[in-house]
Amino acid sequence: MSRTELLTGNEAAARAVRVSKPQVIPTYPITPQSPMLEIIARDVEKGLLRAEFLNMESDYAAMAAAVGASLGGARVFTATNSQGLLFMAEHLYTASGSRCPIVMAVVNRAISVPHSRYADHNDALAVNRAGWLQLFCEDAQEILETTIQLFRICADPRVRLPGMLCYESFIHSNTAEGVVVPEAKAVDRFLSGVHVEALLDPAVPRSLNPPTPPEWYTEFKFVEHQAMEAALAVIPEVGRAYAEAFGGRPRGLIETTEPVGRSVIVSMGSIAKTARRAVRELKAEGLSVGLLRVRAYRPFPAEAIRKALGEAELVIAIDRNCAAGSHGVLYDEVRSALYGTAGPPRVVGVIAGLGGRDVTVRQIKEVARRALKGEPPFDKRDDAIEWLGLDRARVRDESPQARPLARAG
Amino acid sequence: MKELRFHGRRLPRYDHTAPFVGAARLLATAALHEGKQVQFRPPWLFLRGYVPEAAHLRVATEPIESYSQEYVLDLVAVTDASILTAVDVTAGLKETGVVLVNGRSPVSLKGRARTAVADLDAIARRFATDLALPMAAATAALLGVVSQQALAAVVRVETSGRARQQALRALEAAAQAVAESRR
Amino acid sequence: MGRPAPLPTIPRSRRFSLPPVMKGTACEGCGALPAADLLAELLGPKMAVICPASCAATFSLSYTNASWAVPFVHWIFESAPAAATGLRHAYDARGMRDVQVVCFAGDSGTLDIGFQALSGAASRNENILYICYDNEVAMNTQGQATSSSPVRARTPTTPGGVPTLKKDAPRIMAAHGVPYVATAAVSHLADYRAKLKRAARVRGFRYLHVLSPCPIAWGYPHDQTIEVTRAAVETGMWMLYEITDGRMKISYRPKRRRPVREYLALQRRFAHLGRREAQRLQKRVDESWRATP
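Residue numbers (the working numbering), protein chains in the order written: chain A, 1 to 409; chain B, 1001 to 1183; chain C, 2001 to 2293.
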């Protein structure tokens, strides 16, 4: 029997882990993922979850252990973000190249320097070419459902790639909402087909990762590419199967408001949730505005986005990420997906919420109105991007630093 | 949708959860019990020691659909009156909003904020419960954000025996104290 | 419940002050504060501090204010000794040989995630002073176990008790052949002061390991930090010694060691241990003292 519980994002992920029954959980703490790991440690200690809970010495050690365990045929879960995710960047490629269906929670957090424990998407997006699925959740309910679904999606024989479950530092991880928790036995049935192939198995000896000559390298990368494309079908399939088994709305690659309107806000994560309210209020004012939330960012759902934006005239991509001298990823990738379509919409970009800065309903409405009117910088064809709420008085051309209060000497 | 903020002092890790967080959580759980939508934010900041902090709560019958940290508050609850000199607890409070203070002496805050003062510490002591319980009941009585029955139902699930009896009495006493302070 | 906290009462140096805005960032009874404070006092203005992610990094600076009156950087968790290596050689290249390069790090950044960099710098005998303040958990992320957590201690990631022995960091560092290694404790500040002075005069890689209890992680009243540290020393759980050019010298040998169970009884992290386990720990402590010169 499902029941509704008050759970933070971290608690929802930990509960999903408990019912998904990974066998090996290599860990390294980092704020604000550590409370989630501690719940899992307690679950293992109390016998609620039978798993090898490993306290590793660093984040990359946790990923190395995750790949090792997956190659040994175990169902594996781990979690990290920000500094830890980048520290394990090398091993992310090991995981995807080895076709290990590892499920990892990434509690999106800004990257030092400047130092911040708060939310933005730069961490996961910095490794968006590493061959990992990346699904971005908008609330605690979705965190729970997506964690469970990822165990099935990643291990699907058509996919066999590792997957990141992305949700935001503090905004999701430490905020509690009502979450419908499925019954453990029902989850067992839902995941009963999940099988992790043991590539390191004495029954079938193999030598993994030989030096690969140029004549073969490309084909291995092509196979990974195919697997990622196959996930475009598997993700909605598993989402529908979940809804059939447990209720709730079936989750797929994207979600749109109905109708999607002539001007569409495109976003991911908590900003997409806040944009729902903004869109509702703008519609009440008589504007034709809608929302397209990207759930699966990798694989990038270009076809689904093209279809959804077929009648749109304006796209406002709100990115919780940035790259010096470049654009937000949603701005770039949506624009790229629309290239070559007949009568594509204008695409403008907003960079918002970096380092955990709050993005309000009011701000989204205000920037949407200005984009609709074509006010600068949204009047440009290219690089029509605004840094939301930029405070020029605080712009200082130096690296972040503080002055001592005491005096030496 | 109702928006509430709870002020208190953070306690170090190995101690029990601070009452201002416990009260907000109890109200959130009760609201869920009534089938409402809930968004509960315990303090996020990583400060140490007995620093004043705040928890936020949104309760609605419709989906909340916003993670914005901008609040237009219906009620502010203060578990520790000493915070009033350190923090402006009326920031973000609606014109019609009310400040509930756990204390013994009358409180005057700047502006025309309505205040309700109740000695919830005394109730907590009398029934040997955590301050969070009378705090939650007082808040619910003042704002009507959840029913006293829902609070009692949650407490019944989470306690047993004599502790349960005491807890239920503490809820009643706190609701009563608020009703009296209104008169 | 709800009384404003007094400030931590530790000797306040001129070069390390906990400014008003920072009072929220250091905990009452923090054992790392005296270790930082004395370091700042003794080494003077000619030093630069590299502090990887840790409680110390957190209490050392907020956005607007800094505790240290010397150059300080809040560094990446795993690579402080590597950064220190770079800084040291930059100063040497620029003729600034009288400026000490100091790492001030917790046990996690020293012995787990930072271990590779630590061993690397020690192997090269880099001319840096490395101070590990040890609260026996990863406290900046709220107290998970590290390889420096003592056996059977309860932490949030080892709710059944740490299953393995505390890593013997000082002896591992001495095995690198570095000129000076020492242990210290914040209850024995005169001893720590003398060791810091000696370390400051030596060239090459110098390693100090300072026992710095955390009232929150260890589970004792915050005004008992000095007492708990002293109990660690007096029960022999924590040995005060130096290893100079490979030769070990005990700094303080308690005339009659107090029973280990007295130390365990002070802390909630050991509250689950029974008499049998306490006896086992006592045996281990006895054996470690028998093996000393």
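For the record, the hints were derived by calculation from the structure and aren't laboratory data. Don't be surprised by glycine CBs; every beta carbon is placed ideally from N, CA and C. Please note that the accuracy of each hint is not assured.
Claimed, not checked - Quick list of simulated restraints, FRET-style, between CB atoms: (1) B:Arg1114 / C:Pro2221: 52 to 60 Å; (2) B:Val1157 / A:Gly247: 21 to 29 Å; (3) B:Gly1035 / C:Arg2258: 54 to 62 Å; (4) A:Ser399 / C:His2089: 54 to 62 Å; (5) C:Gln2279 / B:Val1157: 37 to 45 Å.
Unchecked claim - Below 20 Å or equal to it, Euclidean Cα-Cα: the simulated EDC-like pairs (lysine to aspartate or glutamate) are: (6) C:Lys2166 / C:Asp2286; (7) C:Lys2166 / A:Glu57; (8) B:Lys1002 / B:Glu1034; (9) C:Lys2046 / C:Asp2092; (10) A:Lys283 / B:Glu1062; (11) A:Lys21 / A:Glu281; (12) B:Lys1110 / B:Asp1130; (13) A:Lys365 / B:Asp1074; (14) B:Lys1002 / A:Glu281; (15) A:Lys373 / A:Glu303; (16) A:Lys21 / A:Glu255; (17) A:Lys307 / A:Glu255; (18) C:Lys2167 / A:Glu57; (19) C:Lys2166 / C:Asp2092; (20) A:Lys307 / A:Glu281.
Here's how the hints hold up against the structure:
{"no.": "1", "hint": "B:Arg1114 / C:Pro2221: 52 to 60 Å", "verdict": "violated (40 Å)"}
{"no.": "2", "hint": "B:Val1157 / A:Gly247: 21 to 29 Å", "verdict": "holds (23 Å)"}
{"no.": "3", "hint": "B:Gly1035 / C:Arg2258: 54 to 62 Å", "verdict": "holds (59 Å)"}
{"no.": "4", "hint": "A:Ser399 / C:His2089: 54 to 62 Å", "verdict": "violated (21 Å)"}
{"no.": "5", "hint": "C:Gln2279 / B:Val1157: 37 to 45 Å", "verdict": "holds (43 Å)"}
{"no.": "6", "hint": "C:Lys2166 / C:Asp2286", "verdict": "holds (16 Å)"}
{"no.": "7", "hint": "C:Lys2166 / A:Glu57", "verdict": "holds (14 Å)"}
{"no.": "8", "hint": "B:Lys1002 / B:Glu1034", "verdict": "holds (15 Å)"}
{"no.": "9", "hint": "C:Lys2046 / C:Asp2092", "verdict": "holds (14 Å)"}
{"no.": "10", "hint": "A:Lys283 / B:Glu1062", "verdict": "holds (17 Å)"}
{"no.": "11", "hint": "A:Lys21 / A:Glu281", "verdict": "violated (42 Å)"}
{"no.": "12", "hint": "B:Lys1110 / B:Asp1130", "verdict": "violated (30 Å)"}
{"no.": "13", "hint": "A:Lys365 / B:Asp1074", "verdict": "violated (23 Å)"}
{"no.": "14", "hint": "B:Lys1002 / A:Glu281", "verdict": "holds (18 Å)"}
{"no.": "15", "hint": "A:Lys373 / A:Glu303", "verdict": "violated (28 Å)"}
{"no.": "16", "hint": "A:Lys21 / A:Glu255", "verdict": "violated (29 Å)"}
{"no.": "17", "hint": "A:Lys307 / A:Glu255", "verdict": "holds (12 Å)"}
{"no.": "18", "hint": "C:Lys2167 / A:Glu57", "verdict": "holds (12 Å)"}
{"no.": "19", "hint": "C:Lys2166 / C:Asp2092", "verdict": "violated (36 Å)"}
{"no.": "20", "hint": "A:Lys307 / A:Glu281", "verdict": "violated (25 Å)"}
Checked against the numbered hints listed earlier, the structure breaks hints 1, 4, 11, 12, 13, 15, 16, 19 and 20; every other hint is satisfied.
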